[in-house]
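Colleague: Residue numbers (numbering that gives the first Met the number 0), protein chains in the order written: chain V, 0 to 267; chain R, 0 to 267; chain B, 0 to 267; chain G, 0 to 267.
Do not take every clue at face value.
To spell it out: a stretch of chain V is covered by chain B in this simulated footprint if at least three of its residues, at any positions, have a beta carbon under 8 angstroms from a beta carbon of chain B; those stretches are [what the hints assert, rightly or not]:
{"id": "1", "region": "109-117"}
{"id": "2", "region": "146-157"}
{"id": "3", "region": "254-267"}
Label pairs and their in silico Cβ distance ranges [what the hints assert, rightly or not]:
{"id": "4", "chain 1": "V", "residue 1": "Gly32", "chain 2": "G", "residue 2": "Gly205", "range": "42 to 48 angstroms"}
{"id": "5", "chain 1": "G", "residue 1": "Lys265", "chain 2": "V", "residue 2": "Gly32", "range": "39 to 45 angstroms"}
{"id": "6", "chain 1": "B", "residue 1": "Lys198", "chain 2": "R", "residue 2": "Lys135", "range": "40 to 46 angstroms"}
{"id": "7", "chain 1": "R", "residue 1": "Glu139", "chain 2": "B", "residue 2": "Ser67", "range": "43 to 49 angstroms"}
{"id": "8", "chain 1": "G", "residue 1": "Lys198", "chain 2": "B", "residue 2": "His73", "range": "52 to 58 angstroms"}
Bear in mind the hints are in silico, worked out from the structure with no lab data behind them. Nothing here was measured: the structure is a model prediction, and the numbers come from that model. Every residue gets a Cβ at the ideal spot worked out from N, C-alpha and C, and that includes glycine.
The chain contents come next:
Protein chains: 4
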Amino acid sequence: MHNLLKGKKGIIFGALNEHSIAWKTAERAHEEGAVFVLTNAPAAIRMGNLEVLAKKTNAQIIPADATSVEDLEHLVKKSMEILGAKIDFVLHSIGMSVNVRKGNSYTDPSYDFTTKGWDVSALSFHKTMHVLYQKKAMNEWGSIVALTYMAAQRVFPDYNDMADNKAYLESIARSFGYFFGRDHKVRVNTISQSPTPTKAGTGVKGFDGFSAYAEKMSPLGNATALECADYTISMFSDLTKKVTLQNLFHDGGFSNMGVSDAVMEKFE
Amino acid sequence: MHNLLKGKKGIIFGALNEHSIAWKTAERAHEEGAVFVLTNAPAAIRMGNLEVLAKKTNAQIIPADATSVEDLEHLVKKSMEILGAKIDFVLHSIGMSVNVRKGNSYTDPSYDFTTKGWDVSALSFHKTMHVLYQKKAMNEWGSIVALTYMAAQRVFPDYNDMADNKAYLESIARSFGYFFGRDHKVRVNTISQSPTPTKAGTGVKGFDGFSAYAEKMSPLGNATALECADYTISMFSDLTKKVTLQNLFHDGGFSNMGVSDAVMEKFE
Amino acid sequence: MHNLLKGKKGIIFGALNEHSIAWKTAERAHEEGAVFVLTNAPAAIRMGNLEVLAKKTNAQIIPADATSVEDLEHLVKKSMEILGAKIDFVLHSIGMSVNVRKGNSYTDPSYDFTTKGWDVSALSFHKTMHVLYQKKAMNEWGSIVALTYMAAQRVFPDYNDMADNKAYLESIARSFGYFFGRDHKVRVNTISQSPTPTKAGTGVKGFDGFSAYAEKMSPLGNATALECADYTISMFSDLTKKVTLQNLFHDGGFSNMGVSDAVMEKFE
Amino acid sequence: MHNLLKGKKGIIFGALNEHSIAWKTAERAHEEGAVFVLTNAPAAIRMGNLEVLAKKTNAQIIPADATSVEDLEHLVKKSMEILGAKIDFVLHSIGMSVNVRKGNSYTDPSYDFTTKGWDVSALSFHKTMHVLYQKKAMNEWGSIVALTYMAAQRVFPDYNDMADNKAYLESIARSFGYFFGRDHKVRVNTISQSPTPTKAGTGVKGFDGFSAYAEKMSPLGNATALECADYTISMFSDLTKKVTLQNLFHDGGFSNMGVSDAVMEKFE
Numbered sequence: 000m001h002n003l004l005k006g007k008k009g010i011i012f013g014a015l016n017e018h019s020i021a022w023k024t025a026e027r028a029h030e031e032g033a034v035f036v037l038t039n040a041p042a043a044i045r046m047g048n049l050e051v052l053a054k055k056t057n058a059q060i061i062p063a064d065a066t067s068v069e070d071l072e073h074l075v076k077k078s079m080e081i082l083g084a085k086i087d088f089v090l091h092s093i094g095m096s097v098n099v100r101k102g103n104s105y106t107d108p109s110y111d112f113t114t115k116g117w118d119v120s121a122l123s124f125h126k127t128m129h130v131l132y133q134k135k136a137m138n139e140w141g142s143i144v145a146l147t148y149m150a151a152q153r154v155f156p157d158y159n160d161m162a163d164n165k166a167y168l169e170s171i172a173r174s175f176g177y178f179f180g181r182d183h184k185v186r187v188n189t190i191s192q193s194p195t196p197t198k199a200g201t202g203v204k205g206f207d208g209f210s211a212y213a214e215k216m217s218p219l220g221n222a223t224a225l226e227c228a229d230y231t232i233s234m235f236s237d238l239t240k241k242v243t244l245q246n247l248f249h250d251g252g253f254s255n256m257g258v259s260d261a262v263m264e265k266f267e
Numbered sequence: 000m001h002n003l004l005k006g007k008k009g010i011i012f013g014a015l016n017e018h019s020i021a022w023k024t025a026e027r028a029h030e031e032g033a034v035f036v037l038t039n040a041p042a043a044i045r046m047g048n049l050e051v052l053a054k055k056t057n058a059q060i061i062p063a064d065a066t067s068v069e070d071l072e073h074l075v076k077k078s079m080e081i082l083g084a085k086i087d088f089v090l091h092s093i094g095m096s097v098n099v100r101k102g103n104s105y106t107d108p109s110y111d112f113t114t115k116g117w118d119v120s121a122l123s124f125h126k127t128m129h130v131l132y133q134k135k136a137m138n139e140w141g142s143i144v145a146l147t148y149m150a151a152q153r154v155f156p157d158y159n160d161m162a163d164n165k166a167y168l169e170s171i172a173r174s175f176g177y178f179f180g181r182d183h184k185v186r187v188n189t190i191s192q193s194p195t196p197t198k199a200g201t202g203v204k205g206f207d208g209f210s211a212y213a214e215k216m217s218p219l220g221n222a223t224a225l226e227c228a229d230y231t232i233s234m235f236s237d238l239t240k241k242v243t244l245q246n247l248f249h250d251g252g253f254s255n256m257g258v259s260d261a262v263m264e265k266f267e
Numbered sequence: 000m001h002n003l004l005k006g007k008k009g010i011i012f013g014a015l016n017e018h019s020i021a022w023k024t025a026e027r028a029h030e031e032g033a034v035f036v037l038t039n040a041p042a043a044i045r046m047g048n049l050e051v052l053a054k055k056t057n058a059q060i061i062p063a064d065a066t067s068v069e070d071l072e073h074l075v076k077k078s079m080e081i082l083g084a085k086i087d088f089v090l091h092s093i094g095m096s097v098n099v100r101k102g103n104s105y106t107d108p109s110y111d112f113t114t115k116g117w118d119v120s121a122l123s124f125h126k127t128m129h130v131l132y133q134k135k136a137m138n139e140w141g142s143i144v145a146l147t148y149m150a151a152q153r154v155f156p157d158y159n160d161m162a163d164n165k166a167y168l169e170s171i172a173r174s175f176g177y178f179f180g181r182d183h184k185v186r187v188n189t190i191s192q193s194p195t196p197t198k199a200g201t202g203v204k205g206f207d208g209f210s211a212y213a214e215k216m217s218p219l220g221n222a223t224a225l226e227c228a229d230y231t232i233s234m235f236s237d238l239t240k241k242v243t244l245q246n247l248f249h250d251g252g253f254s255n256m257g258v259s260d261a262v263m264e265k266f267e
Numbered sequence: 000m001h002n003l004l005k006g007k008k009g010i011i012f013g014a015l016n017e018h019s020i021a022w023k024t025a026e027r028a029h030e031e032g033a034v035f036v037l038t039n040a041p042a043a044i045r046m047g048n049l050e051v052l053a054k055k056t057n058a059q060i061i062p063a064d065a066t067s068v069e070d071l072e073h074l075v076k077k078s079m080e081i082l083g084a085k086i087d088f089v090l091h092s093i094g095m096s097v098n099v100r101k102g103n104s105y106t107d108p109s110y111d112f113t114t115k116g117w118d119v120s121a122l123s124f125h126k127t128m129h130v131l132y133q134k135k136a137m138n139e140w141g142s143i144v145a146l147t148y149m150a151a152q153r154v155f156p157d158y159n160d161m162a163d164n165k166a167y168l169e170s171i172a173r174s175f176g177y178f179f180g181r182d183h184k185v186r187v188n189t190i191s192q193s194p195t196p197t198k199a200g201t202g203v204k205g206f207d208g209f210s211a212y213a214e215k216m217s218p219l220g221n222a223t224a225l226e227c228a229d230y231t232i233s234m235f236s237d238l239t240k241k242v243t244l245q246n247l248f249h250d251g252g253f254s255n256m257g258v259s260d261a262v263m264e265k266f267e
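All chains should be modelled from the sequences, with the hints used to inform the complete structure.
Modeller: Structure below.
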């Protein structure tokens, strides 16, 4: 490894189990010399095995519901105490559609569920940055990354209201990224990742078929969780200091494909 | 006029006074032979003079709070009774940020206000299409248009949380547009309009300076409310039957400018 | 019909036979009250039956090789004489890849053919506007449209070097559109059309399979040549005066689809 | 430094003097453990001081006119001999508009100059990849990067025909990137860099004013040549293996700004 994050301090949201992108990112950040705090919602912590990761990466766990400003304030305050410094990098890897879980179609949702999913998946990113910004908790040239999906730009029918949530999330990255850049020299970007067989990914209806389709469409194939972690490390490192407000596709080329030869074979 | 909408029936949301884009669209739709219902929130109806427009265009007014599915169900049912037919076109011209009204900055909002503004400005579009879709209230090749602003793609600091709301709105257009197209041959698009001195537009901080900037940046100058009405008519007409899921910039060219000579003069 | 182009004068490039989009556009422009000149390269005129269209639409034919500035100067001068006025609308519907014709792959072209195809398909649009601009041949609020294809944004392997030519063409629309808007209030746009079974379209390898794929992907199905003509009429009309520098997708929604249910069926 | 490119072999086009992005990239690649060949056109080599860089980075210089397939074939063959291996990374940093040099306006160019500039600035990238692909000269997971500018998407009047050339260049990256990815697992991307005071950059009319404008518009300010080198290193490294067909903005956020407070001050 390369000591790319040597001396850097961070907060990583959303690791559930060893399939999570946040989990792989934590492992890679540790290898690259970073120290960080792990966080997730209490329910998610109970469901997964975050303490295994914490042990492996010498990290402490601070539970926080990312829809609660109070929880986030506690998280940020506690993280700075534990890390003994301001924060250099943050990963937001949080998303959940209640409508998807309950089997509601996009055209007939429960709007209470829509609102809850939006709060968890999108507004939580604003709340996180709000707390970091108000507390002046980020170091200059710090890097904030949220994970997203291309359904924010193009229609994937089974992605349901998560498409709209991701569009809102990406907009927050630009909107808040402006103020964070202007005032504190912090960069904010989203990484738009291939379909990935995480807990969240496989919860999308028809994941296997869709993943196979994306694999055939992408000239380099789907990007794995580990590859996404690598890319995220590059975005946390000092190599990318002037990249901000961007939505970065990490998808083996899928996003700029109209059709591949491999997909066309099915239509000939 | 050209009888472009002869025989077409519609619902027009959001006309407040004679400066409103929805007002101009209603006038133009009337000239082009359409019949329609006018709607707005009860409070907005009290504030404006919608009955003047109703008289002028032989339209009935049905008050409806677009955040209320019940109100929307009543509106759609009543509209079909009045018009004696299914609906051919719908204009959604609704937007309001409580944070802007209250003077909250983007980096320090009240999240209750954020949620209220999102519900009014963005989710209302989903609710409207939800009711139209569930009630099979649209004719084949009908056209649904929502007005939006380029802050959904790029940062305009004073646009505040309306930027994120518009990103969500545009995503709804794509997401719901897919199902509406697939199932009922209805098209759904958004029109991204120049800064316009409507009641809503002038409520944005620094509107005058910003409007002057946009005027100087755009090779054809800013688009007016009347010109936006004309463009909307084209999107309701049969000339544009295969345009769907699009966000259409109507802005004198602003959206594809990096810088104009007129703007550069200020920096030389 | 609606007299949408009543009194307007135009030049229409690229009609070959009754399948051509330019042919349909000429028929529709005639129905809407326009008068115009038809033009194409001498070889294309010999290959098709343009005189049938000329008769039907009361138009004169002026042969011109659109890669020749001299031919274009003659065309524009002669057109203004015939039409007795400046020009209100121009359709550029020209494209041809010599590498495709000769069966060269994208990865092993003849660069002489690449250059020839670029000159015919892309630079010809600059030359056309160059002549119109230098001769001040366009009326204020005139409209110039070129046809393009989404291969300019995303990869369609069989589209070969036409993808790069269309990217260049679309860039010309923006670049020249700025000057034409600023100096003469003329708008310039491209329409990005579904795969269409014209002479040029069916010349692309694997057209049938690809067209079937696009049909399944698009919520409203592929747009036809006639529908494209209708859309082009709307762009020539006064309804769209402030739309400029845009690339407008006319494709039944294809451009904003990630995947449709109908396509996914093949992968499940 | 981090040994990010340890063991990797490359070819770097376009270093002229110590202000060149290619120069900085060579220095950084050397620091990160890469070995490489430097190349430029014979005339450019005479104009600059490439031998200083060659000495500093233990690199050999192979002159090549990038518009000549023969020269490129010699370059690639010779590079593999010198490096004793296939190629892992390539930087294309070449661009020149003869019309700009001669003072021709965009609306009145010499088309011979337009063609020459297109060949040098855009087609040279196709020719380079053509030779690498045909000779199977790239290692799997190799990385090819070309530098570009946002004028490919949006209008910057003084950028002249380089805007169209960059649009063509970016299209080549996608088109060839598909085949290079599918067949050889090689990724191809473009980096869209802030205005940079290199020899080429300062040749654009009004560079100083424009650079000041971009600085004010970008929340993180303009990206420097050294920062671009760092970003390019990240794209050559194994951290970004699944990023392909992308145009990556490296510009302090400029590309996603509508307007900044600092720019608005001039309009209030």
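Colleague: Please go over all the hints and tell whether each is borne out by the structure.
Modeller: Results for each hint:
1. 109-117: violated (count 0)
2. 146-157: holds (count 7)
3. 254-267: Holds, because 11 residues of the region 254-267 of chain V bring their Cβ atoms closer than 8 angstroms to Cβ atoms of chain B.
4. V:Gly32 x G:Gly205: 42 to 48 angstroms: holds, 44 angstroms
5. G:Lys265 x V:Gly32: 39 to 45 angstroms: holds, 44 angstroms
6. B:Lys198 x R:Lys135: 40 to 46 angstroms: holds, 41 angstroms
7. R:Glu139 x B:Ser67: 43 to 49 angstroms: Check passed, 47 angstroms falls within 43 to 49 angstroms.
8. G:Lys198 x B:His73: 52 to 58 angstroms: Given about 42 angstroms between the Cβ atoms, the range is violated.
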